[in-house]
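First to last, the protein sequences are chains P and G. Just so we're aligned, residue 1 is where the first sequence starts under the working numbering, counting upward by one. Just so we're aligned, residue 724 is where the second sequence starts under the working numbering, counting upward by one.
Honestly, I wouldn't trust all of these hints.
[Stated by the list, open to error] Straight-line C-alpha distance at most 25 Å; calculated DSS-like pairs for lysine-lysine:
(1) P:677 <-> G:801
(2) P:222 <-> G:839
(3) P:544 <-> P:714
(4) P:613 <-> P:677
(5) G:839 <-> P:677
[Claimed, not checked] Distance windows between CB atoms, simulated:
(6) P:231 <-> G:737: 22 to 32 Å
(7) P:292 <-> G:741: 47 to 57 Å
(8) G:873 <-> P:559: 25 to 35 Å
(9) P:482 <-> G:873: 49 to 59 Å
(10) P:164 <-> G:803: 45 to 55 Å
(11) G:737 <-> P:234: 17 to 27 Å
(12) P:582 <-> G:741: 51 to 61 Å
(13) G:839 <-> P:609: 44 to 54 Å
By construction, these hints were calculated from the structure, which means they are not laboratory data. Where is the CB? At the ideal position from N, CA and C, for every residue including glycine.
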Amino acid sequence: MKQLARNASVSTTSTATSRRDFLKASAATGGLVIGFNLFTGNRIAHAQAAPPVVPPNAFLRIARDGSVTVQVKHLEFGQGVMTSLPMMVAEELDCDWSKVRSELAPAAPQYAHTMFGMQITGGSSSVVNSFTQMRTAGAMARSMLISAAAAQWKVDPAQCSTANGSVIGPGGRKAGFGEFADAANALKAPEKVALKDARDFRIIGKPTRRIDAPAKVNGTAKFGLDVTPKMIPNLHTAVVKHPPMFGARVAKIDASKVNGLPGVTHVVQISNGVAVVAKNFWAAKKGRDLLQVTWDFTNASKASSADLKKAYRDQMQKPGAVAKAGNADAVKTAAKSVTAEYDVPFLAHAPMEPLNCTVEFKGDGCEIWVGSQFQTVDQGAAAKVAGLKPEQVKLNTMIAGGGFGRRANPASDYIIEAVEIAKEAKVPVKTVWTREDDIKGGYYRPMYVHKVSAGLDAAGKIVGWDHTVVGQSIIAGTPFEPFMVKDGVDATSVEGIADTPYDIPGMRATLHSTKDGIPSLWWRSVGHTHTAFVMETMMDELAKAAGQDPVEFRRGYLAKHPRVLKVLNLAAEKSGWGSKPAKGVGRGIAVHESFGSVCAHVADVSIDKGQIKVLRVVSVIDCGLVVNPLTVTAQVESATAYGLSAALYGQVTLKDGEVEQSNFHDYPVLRLNEMPKMEVHFVEGGTMPTGVGEPGTPPVAPAVANAVFALTGKRLREMPFKV
Amino acid sequence: MIRFSVNGERIETSVAGDTPLLWFLRDNLELTGTKFGCGMALCGACTVHVNGEPTRACVTPISTLAGKKVTTIEVIGKSPIGKKVQDAWLSEDVVQCGYCQSGQIMAATALLTKTKAPSDAQIDAAMSGNICRCGTYNRVRAAIKVAAGASKPAAAPAAKPAAKAKA
Ligand code: FES
Ligand code: FES
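With the hints as constraints, model all of the structure from the sequences given.
As structure tokens, then:
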């Protein structure tokens with residue numbers, strides 16, 4: 001074991017994972033099963049309670065045929081965890097990549113996020129929080145396979161090595177992992193394992209195609225919406241009539257037109273509306289549309305976007321709770337000053353797969369199939385509604401057609417209603433939201449207004465920056481409030497401002513968190529969705545006021561943040577910043593730090609018949625150590641497209657409490673003919689990965705706004721943009 | 724009784740004629756590869772072929788299908804062009820969440836069946852009705868060109884040289 005010790009001494013990550021942190025349980029199907037747990041206390045109990053087939057505490061299973069199945073603890077909804085997490089396991093296990101499979105883990109304590117302590121997919125943190133954990137799981141399994149092989153061959157384990165799914169012993173002995181799977185499973189997990197040095201990686205960092213792609217190109221991949229009676233006999237479909245205003249309650253139900261409709265079986269009142277249950281979707285939808293409900297609007301929000309905006313803008317004139325406590329008085333006496341006001345609307349997430357959830361009560365428990373970013377929270381909420389203990393609720397994670405935050409709801413809205421319906425109707429039920437239900441259903445990125453007054457001295461240096469933000473808090477009223485709201489400041493409302501990497505003297509930021517009763521939620525990159533827009537367009541305005549180049553101007557405030565500076569510089573270099581764009585084309589830049597990563601975009605735009613056309617986006621991201629370059633590139637493009645949809649089109653508006661939009665005709669999103677050409681570059685480096693799913697979104701809107709300014713001289717301060 | 728065919732199988736059904744083909748496929752035949760995204764012919768997730776034409780199944784009542792041939796994602800790989808499209812989708816690693824991709828592939832196959840080497844403008848025209856919230860558009864375009872033979876598939880990523888790992 002000498003080699004092991006040497007590896008350990010040069011390893012770049014913590015290798016002190018001890019056996020106590022691991023669970024080992026045997027599978028009736030045979031093979032080696034490894035589970036790993038940082039957080040739960042009752043490890044032994046879990047090991048003993050392991051059900052016979054796939055123990056839910058396992059991260060990987062090696063079958064007798066040598067195939068390796070990795071249980072992925074995060075939701076797969078496009079970001080690629082069903083590939084990147086297995087890559088980490090395979091790297092250390094030294095297995096044959098072509099034999100690696102990937103499954104989504106159900107809700108279970110051992111699948112908790114290693115930083116949040118519960119099972120969550122969010123904050124662009126799936127890869128970073130799994131990095132050491134998954135590698136350790138792979139390394140432990142490898143060590144056990146070697147021990148098993150050495151015992152069988154009666155040789156010293158130190159004389160054995162592994163390569164591509166085989167153990168190799170002295171004298172040219174070689175056998176596949178599958179041959180030792182059972183024997184390895186009977187062994188004690190090693191006390192400690194060493195992890196590879198990053199220089200020796202041969203899977204991590206290599207462009208790797210997605211494991212889940214084949215099933216997604218031939219229609220066999222099963223999303224939540226694809227749960228059918230073949231899987232769950234007697235499965236019914238429910239479509240819900242939700243209140244037309246947030247906070248309204250059911251007063252009276254008239255189901256006379258629904259009763260007797262072919263296929264309709266139940267009309268069920270639930271806490272947030274009335275469900276029509278039927279043998280299939282079409283019958284349920286017809287029933288829902290014919291159902292007459294009288295609503296009680298006593299506690300409903302009757303807000304209109306226009307009124308909210310006016311009220312917010314009034315409030316914005318006075319400072320709010322202090323989020324960054326600099327003294328911005330110098331703005332008043334500055335040689336030059338710029339004051340600007342910004343508006344961003346409510347936004348719906350509009351994931352491609354409409355929300356859905358399947359629930360079946362059976363025996364003394366209940367089983368759920370759902371694409372959830374919040375398995376632990378949703379399992380607990382379901383248990384409460386069902387009158388069960390969380391462990392009596394089996395929550396199966398289904399792959400999801402996008403989510404962007406909508407499937408991480410502390411209120412578990414679409415899970416709770418499905419449980420309520422199934423409980424009441426006493427049949428297995430799949431709820432299906434229509435697109436209209438989705439767009440009108442709330443849990444939006446809140447509307448915000450910002451006001452910034454900034455001053456420059458005679459040399460064009462910033463001397464003060466006074467920033468006020470007004471809008472609803474996403475966190476207030478959720479279980480996260482105690483951790484994320486301090487002294488009246490919801491950190492997510494001012495992230496990207498209060499912690500800006502720019503070294504701005506005299507910077508003050510304050511926040512008014514309003515209470516308007518519009519259900520709010522994180523939307524891909526959360527507060528950065530609006531703060532980056534304001535920060536980066538204001539920096540551009542100040543550069544102009546100072547008579548400086550926008551890149552040069554930014555450099556002046558990044559001396560203490562070399563990582564941001566490097567990304568900015570690389571973006572300038574790769575985009576040909578400084579060269580003149582073609583006639584009729586404007587070029588703009590923005591850089592922003594979020595989720596531990598830094599991303600810059602340089603956008604080239606033109607304007608055609610009053611419509612902004614984004615021709616090209618050159619992107620640079622520093623996301624630390626890159627696990628799968630294909631995924632990172634895809635996610636930067638994805639985040640860009642998502643941000644462009646919001647910048648160019650996205651808005652949900654309220655009129656007298658009712659949402660005015662309903663589907664993709666009045667809530668348009670970016671289409672193929674509008675997608676810019678893209679180049680994505682990485683700044684290599686780092687020993688740990690950082691966020692990838694979200695950091696590409698924040699700098700898109702400001703890069704485009706700055707490009708439009710370069711082209712037209714007009715500042716865009718309201719989203720969606722109008723020219 | 725309405726009679727038509729789905730993926731070569733004869734269908735005779737008394738299901739209500741106003742039932743959209745999308746829900747007939749998904750709920751009655753349990754062919755769930757065809758997806759629901761908007762229900763209003765706005766997103767293309769439900770795209771199937773009816774007599775070879777790309778068709779939004781969500782707004783196609785089954786009463787309009789008498790005597791017609793419906794083809795879905797489940798069998799599109801059996802046609803040479805459909806197979807090429809699926810292969811290109813894999814070589815270009817197009818999918819992300821994958822939810823829109825059945826519709827994208829059906830639309831792309833219909834395009835390439837009519838137009839062997841589509842221009843960018845033709846790709847725009849044929850594919851802009853298919854929304855992808857994951858923003859896979861540039862790879863969709865690249866894959867169509869690969870399937871058309873106009874560009875080479877991305878090379879299979881080469882394994883890094885294996886550093887022999889010792890126990
Ligand atoms: S579901 Fe048919 S076009 Fe959107
Ligand atoms: S791949 Fe997710 S919507 Fe297209």
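Report task. Sort out which numbered hints this structure fails and list those numbers smallest first. Result -> 1, 2, 7, 8, 10 and 13
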